[in-house]
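Using the hints provided, position chain Y relative to the given structure of chain G.
One-letter residues, chain by chain:
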Amino acid sequence: MSNTNRTLLSDPMDDNNPITVQVLGICSALAITVQLKAALVMSISVMAVMAASNVIISMLRDLIPNRIRIIVQLVVVASLVALVDQVLRAYAYDISKELSIFIGLIITNCIVMGRLEAFALGNGVWRSFLDGIGNAVGYGFILILVAFFRELLGSGNLLGYQVIPDFVYEMGYENNGLMLLSPMALITVGIIIWIQRSRNRKLIEN
Amino acid sequence: MIDYANLFIKSIFIENMIFAYFLGMCSYLAMSKTIKTSVGLGFAVIFVLTITVPLNFLIDKYLLQAGALSWVGPKYAELNLDFLSFIMFIAVIASMVQLVEMIVEKFSPALYAALGIFLPLIAVNCAILGGSLFMQIKYFSGITESAIYGFSSGIGWLLAIVAIAAIREKIAYSNVPAPLKGLGITFIICGLMAFGFMSFMGIKI
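Heads up: the sequence lines are chains G and Y, in that order. Taken in order, the first sequence gives residues 1 to 206; the numbers are from my numbering. Taken in order, the second sequence gives residues 1001 to 1205; the numbers are from my numbering.
These are calculated hints, taken from the structure and not from any lab test. All C-beta atoms in this analysis are idealised placements derived from N, C-alpha and C, irrespective of residue type, glycine included. Incorrect hints may have been included.
Restraint-style ranges between C-beta atoms, simulated for each label pair [what the hints assert, rightly or not]:
(1) Pro-165(G) - Gly-1142(Y): 51 to 61 Å
(2) Asn-175(G) - Ile-1203(Y): 22 to 32 Å
(3) Thr-4(G) - Pro-1177(Y): 27 to 37 Å
(4) Val-125(G) - Gly-1142(Y): 44 to 54 Å
(5) Lys-1033(Y) - Gly-122(G): 26 to 36 Å
Okay, derived cross-link-like pairs now, DSS-like style, lysine-lysine, Cα gap no bigger than 27 Å in a straight line [said to hold, decoys possible]:
(6) Lys-202(G) - Lys-1033(Y)
(7) Lys-97(G) - Lys-1138(Y)
(8) Lys-97(G) - Lys-1061(Y)
Isolated chain G, as found in the complex (with noise of 0.2 Å):
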């Protein structure tokens, strides 16, 4: 693997993450991060249709006239995201019925469509597919991180199991109920981003 084909999966890590960086995505990002497992779900759903869209729009890219993109994306889109909510109602119902409409959402989830238009419609298909990978996990990453403080903080779980100690509920350590709350989804992301450009001074904003 080249080079530059190393840097398409590692960029969205870090300097070019989707949510801290190019504040992609951010609805789904913060809407289902209370636990662990609904966001590993979502960042699988999101990989494949990210990979899969990227894939079609890049073969279909000199066809497409330029006056109807969006429409063609939303359609190509729509249809993968279609294929992956019957997936999850016929496999997962419990997990599908939890992430209600942000499945669906998928589809305007400006990630997709912001890498669609800003790297599939002029790129080949093998490294659009790797910049859907990538991007797809410097998403899937982020949203990780913050489900993994929401859930252990909030409610002393990780994916669904106990991992704080009952001794330590008995020593007077309580749950943090209001990291279960929605605007502390928002104010953890926003420490994620601090931290992130402490460490990475260039790219502070001015």
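Structure of chain Y alone, referenced to chain G:
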């Protein structure tokens, strides 16, 4: 009548699109740098939501739901085209946005100048598709109800974006730690505002 008023208040404050469900966050963060653009985008969202939610309601009710096609003939009564709803909704939204853009351009150049650049963005705003998807799981009884839902959710979105734009204009003058500047502080302010909006949650109307 009182039900409609309740739905109106509830969709604006208690189930605010931004603060309760985080819908339309991307354009919310990207376009809230000045009050002027945020007002323009906010009105465009109200406009499109008020049109697309009732339209998608009709499509859902008479084409997609289980048994919705029974008006065509008894043979079709068993069909359930639910799985097509994503594609249908997004197609309706994308084409309505295009149509609205053309109509506004033709009949009201002044309004077009104000809303024009925002309209194409709106097709991919989560709040619009989210409005239709929520409409689908809320089982509204009629077209008026869904129109009120669309309209009031749009107002809630407008309120949220104008409020954050006002704060962001002021915060430019304060001394924020460098790594937190811009995006970071906006997230945190937005979180604090969401706490504020949570105080409406207990209200039973």
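Are Lys-1033(Y) and Gly-122(G) spaced within 26 to 36 Å by their CB atoms? 28 Å, holds
Could you check the hint for me, namely that Thr-4(G) and Pro-1177(Y) are 27 to 37 Å apart, CB to CB? 35 Å, holds
Pairwise hint evaluation, Lys-1061(Y) against Lys-97(G), where the allowed Cα distance is 27 Å at most: 21 Å, holds
Please work out if Lys-97(G) and Lys-1138(Y) have their alpha carbons no farther apart than 27 Å. Holds, at about 14 Å.
Range first: 51 to 61 Å. Now tell me if the beta carbons of Pro-165(G) and Gly-1142(Y) are that far apart. At 54 Å between Cβs, range holds.
Assess, step by step, whether the Cα of Lys-202(G) is no farther than 27 Å from the Cα of Lys-1033(Y), and give holds or violated. Distance of about 22 Å is within 27 Å: holds.
If I claimed the Cβ atoms of Val-125(G) and Gly-1142(Y) lie 44 to 54 Å apart, would that claim hold in this structure? Cβ of Val-125(G) to Cβ of Gly-1142(Y): about 48 Å, so the range 44 to 54 Å holds.
CB of Asn-175(G) to CB of Ile-1203(Y), is that within 22 to 32 Å? Since Asn-175(G) and Ile-1203(Y) have Cβ atoms about 26 Å apart, the given range 22 to 32 Å holds.
In summary, this structure violates none of the numbered hints.
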